[in-house]
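Trainee: Protein sequence lines correspond, in order, to chains A and B. Residue numbers 900 to 1119, in the numbering used here, belong to the letters of the first sequence in order. Residue numbers 900 to 1119, in the numbering used here, belong to the letters of the second sequence in order.
A few of these clues could be false.
Since the list can't tell identical chains apart, any single copy or any two copies may satisfy a pair.
Straight-line alpha carbon distances no greater than 27 Å define the calculated DSSO-like cross-link-like pairs of lysine-lysine that follow [stated by the list, open to error]: (1) LYS901 x LYS1000; (2) LYS901 x LYS994; (3) LYS946 x LYS1000; (4) LYS994 x LYS946.
If you're looking for bench data, these hints aren't it; they were derived computationally from the structure.
There are 2 protein chains.
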Amino acid sequence: MKVTDYPLTDLLAAFRSPAPTPGGGSAAALAGAIGASLLAMVAGLPKPRAATTEDLARLAADGAACVALGERLTALIDRDTEAYRLVVAGFRMPKGSDDEKAVRGERVQEALRMATETPLDVMRACADAISRAAAIAAFGNPHAASDVQVGLELLGAGLRGARLNVEVNLESITDGQFVAAMRDEATRLTLAGEGGIQAADRAAAEPPDPASRIPAGEVT
Amino acid sequence: MKVTDYPLTDLLAAFRSPAPTPGGGSAAALAGAIGASLLAMVAGLPKPRAATTEDLARLAADGAACVALGERLTALIDRDTEAYRLVVAGFRMPKGSDDEKAVRGERVQEALRMATETPLDVMRACADAISRAAAIAAFGNPHAASDVQVGLELLGAGLRGARLNVEVNLESITDGQFVAAMRDEATRLTLAGEGGIQAADRAAAEPPDPASRIPAGEVT
C-alpha cells in the first residue's frame, strides 16, 4: 500500500512512528502538495478580481498548473519513501568479498542519486507553484488572500525541507560532477522560490489594479 | 465523514477543489500535525545522542509531548473546517426583520470567535512542539537532524499560517476586548515560536556535548 493511500490519521501515525519511512523527504513533498492545492483552490473560486479576458485566462492557466503540480508533488511523497527504502536496501547488501563490496557500493551510489533527484524534483515543483502565486493573489477572489499566504508558507516549507534532503544525500555521493550540478540547481531553485514568495507577498499587499500585469514565472 | 478520515489523495483533492472547506486554517493545522509527528519520530529512533539517564528521560518526555501535540493538531484540522462551516451558516441566516438581524449577528459573532480560537489553539500547539525541538535535536539520533529541521519548517508554516487565520477572523469581530486579547496572545506565541526555531537551529548546529542542558520550554 502506498503512503498516499493511507487515511490521513494513519499517515500522521506513520510519520510519528520510529520507523524511518515516511520521513522528512516525504513530509517536504506533502507540504508542497498541500500548498499547491490551496493555490489551485483560490484560482478556482467564484468572484475573482480579474476583470479582463486576458487576466481570467491567466488565472485559469495558473490554477490548472497548480492542480498538476499538486498531483506531481503527491506522487513524489511515495517516490521519496521508495528512494529511501532503496538506500537502506543497498547498505544491507553483503560486503564479504571485494566483488560484493564493489556491487554494494554501486547500488548504494545509484540509490543515493535517486534519493537526491527526488527532493530536487520537489524543489522544482514547489518553485514552479510559487511562481504562480503572484498572479493568483492579484487575480483570484480577494477574500481568499489568507489561503494564498498559507499556501506560500507550505510551499516555502516544502522548498526548504526538500533542499535539506538534497544536501544530506549529497554528503555521501562520490561523483563530484553530480554533486556540483545538483548543488547548483538547488541553490538556483531556492533563490527563485524565495524571490517568488516575496513577489507574491507584494502582489497580495498591492491594491487591486485591473491594468496590472504580473510577469509570468520563469523558474522551471 | 471527517476530513481526517479521508485517504490522503482525496484530502489533497478536497484542498484543491473550489469548495471553501477545507481551507487555509485546516492546512495550517495539518502542517503543524506533520511537523510535530516528525519530531516525535526522531525522539523515538534508536541510537540517540543522549547518554545520561536524565537526558534520555528528557528526550522521551519531549517525544511523548510531540505525539500528543500531533494528535491534538490532527483534531484541530477537523475543528477548523467545522468552525468555518458555522460562520458560513451564520451569514446565511435570514435578515428580514430587526429581530432576525439581531439573532443572525449574534450567531455570526459566536461562530467567528470559534473560528479565531481554533487557529489560536493551532498556534499554541505549534509553539509547544517547537519548544521541544532543541532537546530532540541535541539528544536524538544525530542522523535524523534533517528530519528535525523539516519538522521545524512545517511547524513554522503551521504557526504563521494559523496566525493569518486568527487575524482574518479578528477583522470581523466587534468585541474589542476579545480582539485585543487574541491579538496579544497571537503576537506572544509568534515571538515564542520564532525564538524556539532559532534555539533549535543552534542546538542542531552545536557539536554534541553530553554535559549540555537545554532549558525546558516555557511557551504554553
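Trainee: Hints first: check each against the structure and report whether it holds.
Mentor: Against the structure, the hints come out as follows:
Taking CA atoms no more than 27 Å apart as the test, LYS901 paired with LYS1000 passes in neither setting, with 32 Å inside one copy and 51 Å between copies. Taking identical chains as interchangeable, the C-alpha atoms of LYS901 and LYS994 are never at most 27 Å apart, the minima being 31 Å within one chain and 50 Å between chains. For the homomeric pair LYS946 and LYS1000, the shortest alpha-carbon distance between copies (25 Å) is at most 27 Å, but the shortest distance inside one copy (63 Å) is not. Taking the shortest Cα distances, LYS994 and LYS946 sit within 27 Å of each other only across copies (23 Å), while inside one copy they are farther apart (64 Å).
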